[in-house]
Amino acid sequence: MAPGHRTPHHDVTGRPDAPLLVLGPSLGTSGRIWDAQLPALSETFRVLRYDLPGHGGSPSPAPADAAPGDTTVDDLADAVLALVDQVTGTGRADGEQRPAFRYAGISLGGAVGTRLAARHPDRVAALALVCTSAHFGGAGPWRERAALVRREGTAPLLKTSPARWFSDPETARTPLGRALLGDLAAADPAGYAACCDALAAYDTRAELSAVRAPTLVVGGTRDRATPLEHARELTELIPRAGLRTIECGHLAVEEPHTLEHTLTAFLTRPGRRLPI
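Here the sequence shown stands for residues 0 to 275, where the numbers follow numbering that gives the first Met the number 0.
No wet-lab data here; the hints were simulated from the structure. None of these values were measured; they are calculated from a predicted model. The C-beta atom is built at its ideal place from N, Cα and C for all residues, glycine as well. Some hints here could point you the wrong way.
Here are the in silico distance ranges between beta carbons for each label pair [what the hints assert, rightly or not]:
id	residue 1	residue 2	range
1	Asp69	Arg150	29 to 37 Å
2	Arg221	Gly137	20 to 28 Å
3	Gln85	Glu228	33 to 41 Å
4	His256	Ala178	30 to 38 Å
5	Thr267	Pro174	36 to 44 Å
6	Leu227	Gly68	15 to 23 Å
7	Thr6	Arg149	17 to 25 Å
8	Thr244	Glu169	30 to 38 Å
9	Ala39	Thr220	16 to 24 Å
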C-alpha cells in the first residue's frame, strides 16, 4: 500500500478468472449494503467489496492522516486502487500492464468511483453511479457533522438517518435496515468524521468530462439526500452516461432486484449505447 493508506477491509467472491467488479458502499454503511445483489453479480464477475475507513471491518485512518479537514475523496480512491492492485497481484513491476475493472458505488462509494474514472481512465472499464452526486452540498453541514461525531460518536445520527436513508422510515425495522443502522452505530468516529471531511471538500463537476468509461447513473425517485437533479447533472456532464430511475430512497434498498437487474444488464454489456 502507498504511504498513508491502510488496507480497507474487503471480501472477494466469484470466479478468479472472471472480470473484476468493485462495489463501493455509502457513508455509514458497510459492504453488506450489496448483500442482495452479490449472488447474481458473483455469477458473472469476480466481485470485490470494500469498507470505508472506520466502517465495517476497515481500520480508521492513522491520526496523522485523519486531522480534521485533511481527508479527501481522492485519498479514498487511492486506497481503493491500491487495494485492487493488491487483490489482483498487479502493479508491482515497472511497465506492468494493470488491468481495467468495472466499478459500482452508492453515494460516497459512487463519488470514489467517479474520481477513479476521471483520474485513471485506463483502469475503469465501466462505471455505475447509484444515488450519488458530483457534489454533496456546501461544506459547512459536513464539517459540522464531522465535529459532532468526533465529540459524541455516531449515536446522534441514529435518530435522523432512517428518514434520510430510506423512502419509508419503517424500512429501519427490517432485518437489512437494522443491520445497516448497526453499521452506523458501530462506525469508528474518527473514520466516519474523516469521510465527512472528504464529502465537504468534494466537487468534481469540472473534472467529469475526463471520464471515458461507459457510465450508468441510477437515481432514486424518492431519494431525499441526493434528489434526481443530482443524477441528471451527472448524466449531462459525463460524456458517455445514461440515466435510469428506480422507486427507492437514498440507499436503493427498497427495490433490490430492480437494482440488481439494472446493474447486471449494464455491467455485462457496458459498451452498448445508453439512452439518456
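Results for each hint:
1. Asp69 - Arg150: 29 to 37 Å: 18 Å, violated
2. Arg221 - Gly137: 20 to 28 Å: 23 Å, holds
3. Gln85 - Glu228: 33 to 41 Å: 37 Å, holds
4. His256 - Ala178: 30 to 38 Å: 18 Å, violated
5. Thr267 - Pro174: 36 to 44 Å: Violated, at about 29 Å.
6. Leu227 - Gly68: 15 to 23 Å: 30 Å, violated
7. Thr6 - Arg149: 17 to 25 Å: With Cβ atoms ~24 Å apart, the hint holds.
8. Thr244 - Glu169: 30 to 38 Å: Violated, at about 22 Å.
9. Ala39 - Thr220: 16 to 24 Å: The hinted range 16 to 24 Å holds for alanine 39 and threonine 220, with Cβ atoms some 23 Å apart.
When each numbered hint is compared with the structure, violations occur for hints 1, 4, 5, 6, 8.
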